[in-house]
Amino acid sequence: MALGRGEAEAIAALYQRHGPRMIAFARRYVRQQGTAEDVVVGLLGKWLERPPQMSDTQRMSAFLATSVYHAAIDWIRRERAEQGQPPRDEPAAASPDGRRGGPIAEPPAVESRETLRFRLDAALERMSSSDRLLLEAHYGHALTPEDCMAELQISRAAFHQRLHRARTRLAQLLSSEEQLVKGEGTL
Amino acid sequence: MSSRALSLPELDRLIDATGMPVRADTLEEAWTEGTTPDRMSPPGGQFLLLVSMHAKPEFAAQFEHEVLDFVALTNRLTGVEGTTIHRSDNDPLAWCLLERFRDQQALSRHMAGEHFRHFQFVQRTLLAAPVEVFFLAGTRP
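Chains as they are written, first to last, in my numbering: chain Y, -1 to 185; chain C, 382 to 522.
With the rest of the complex left out, here is chain C (with noise of 0.2 Å):
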């Protein structure tokens, strides 16, 4: 390439192949403008639980197959917004299923599931401790 400077075109191209770095304070400053009430959304009717689970070691496998086809069945329900499984990179028994449902009828009619039921069977006997249920969005029933 000859030594003359980019054409305002070519910057473009460059900066959308590598991303513009921004530094954390102007993130900053742009938080604290985009994040007062006025632009905060209502609470709506959501429901978003995050569900902690630890696996005994020796049923590490069957609950990993129980707990995906769990996450399945439940994906299927009208009105489940998208229930997802996540595994910790630093303990592999520690499981965490984040749940968003639409409203308090859709948690009651996935709570009210056969797949529910079994499931609680299954987290009785292949879990090392009870789950730990947070609501992070709406209220526990």
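Pulled out of the complex, with its shape left as it was, chain Y reads as follows (with noise of 0.2 Å):
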């Protein structure tokens, strides 16, 4: 596929075809037109130097979807380590008197942001599919809360009531999950 060698034809036929969408859909990241824009034109630039990796039963939706998400991820990650707010990915830094921030992070120099993400992913799998889409709302701001009250047919009311019960649903299934870890490595 043309797409999938990086020819700046068929980046720019996806462009003229689905550009309009693509910004549409990164401004409900990142607010602002002119920033959705910028997301997106970056989006086509870093095709153009590595060509996106897409199988051939993907459908567009689908690949576009997650494309223009992680580079609008990507986006405010960068715009919060220029502002000076702790990248995501170190929240439980020493604080300047060697303290830190808070036990979740125990032993932080052990325990790697890839530990960490395989237990939130083996966590995860043992959720609800419907569990699984409030927190991809609440924490991954996939959906809007009212998309996500839509698709589950419910209220908002419920929708917060809900949220909190996967929420601490998922905080017990990490705490298995840790001892679990931790009891395969000392077979």
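By construction, these hints were calculated from the structure, which means they are not laboratory data. Just so we're clear, the structure is a prediction, and the values are computed from it rather than from any experiment. Quick reminder that beta carbons are idealized off the backbone N, C-alpha and C, glycines included. Any given hint might turn out to be false.
To be verified - Below, simulated DMTMM-like cross-link-like pairs (lysine to aspartate or glutamate); rule was C-alpha separation at most 25 Å, straight line:
no., chain 1, residue 1, chain 2, residue 2
1, C, 437, C, 495
2, Y, 44, C, 470
3, Y, 44, C, 495
What the hints assert, rightly or not - Selected chain Y positions facing chain C (in silico; Cβ < 10 Å):
no., residue
4, 11
5, 36
6, 174
Could you use the hints to bring the two separately framed chains together as a complex?
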């Protein structure tokens, strides 16, 4: 596929057909129209350098949604870093007096981001699809709360109640995943 | 760490550290909801051009120097909203420009500039084939 080879003509054709949708989708996450355009043009530039990996069976809408979402999230992370806010992967960095921010990172030097992600993935696998959707909306901002309520056909009150339950369930599962990881480590 | 369940603030910090993995199906659903015609901005007067170029192997280094100069000069012009240069990882001789102009006047000013005339000469000398220009936004003048 020409897109997978990073051919300029294919990338141009993709933008001519889907560009306004890509920008509208990026705007869900970065809010400003100009910033959404920056995100999408940046994504095109990335594809011109490194062709996108798209499987033959993947739908175009799924491919574009995933690509634009990650480009927008990367943009937000860079903005946060440039504005002096702690990067998302360093929330428990030592304070000036050497104290740690909280017990979740204990021991931060041992439990890498990859290990945490592995535990999170494993815990999410054990959750219901609707609970995952609530968490993806809340933490990943993948859907607006309104979209999520419509998808699950629930009221706003039910949304908040179920979200709280889903977060609690995930916290419990993560604790049990941690025990499993520790158990495997001692075998 | 003890075997007690995480508190919700601890959970929030963990997810802040790792990011929340989002399923492709969820994003596709969001795409469907978020890209309906009423959510798309009408086209403005902007121009977005994609220019594809392929350097002759013997002039690779010289072309790189020239194209970087051209980008720097273009970005100094009023009405230019950003010109970026991209080199293919797979083919180091393949280069693309992404050029954004606020409006037709900005594009015309750019095309009337000395830097533009010089770069056209560069193209004739250092490129293996004529450039390909795609108008991604705006209509070719």
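- Query: If you check each hint against the structure, which ones fail?
  - Reply: Structure breaks hint 3 only.
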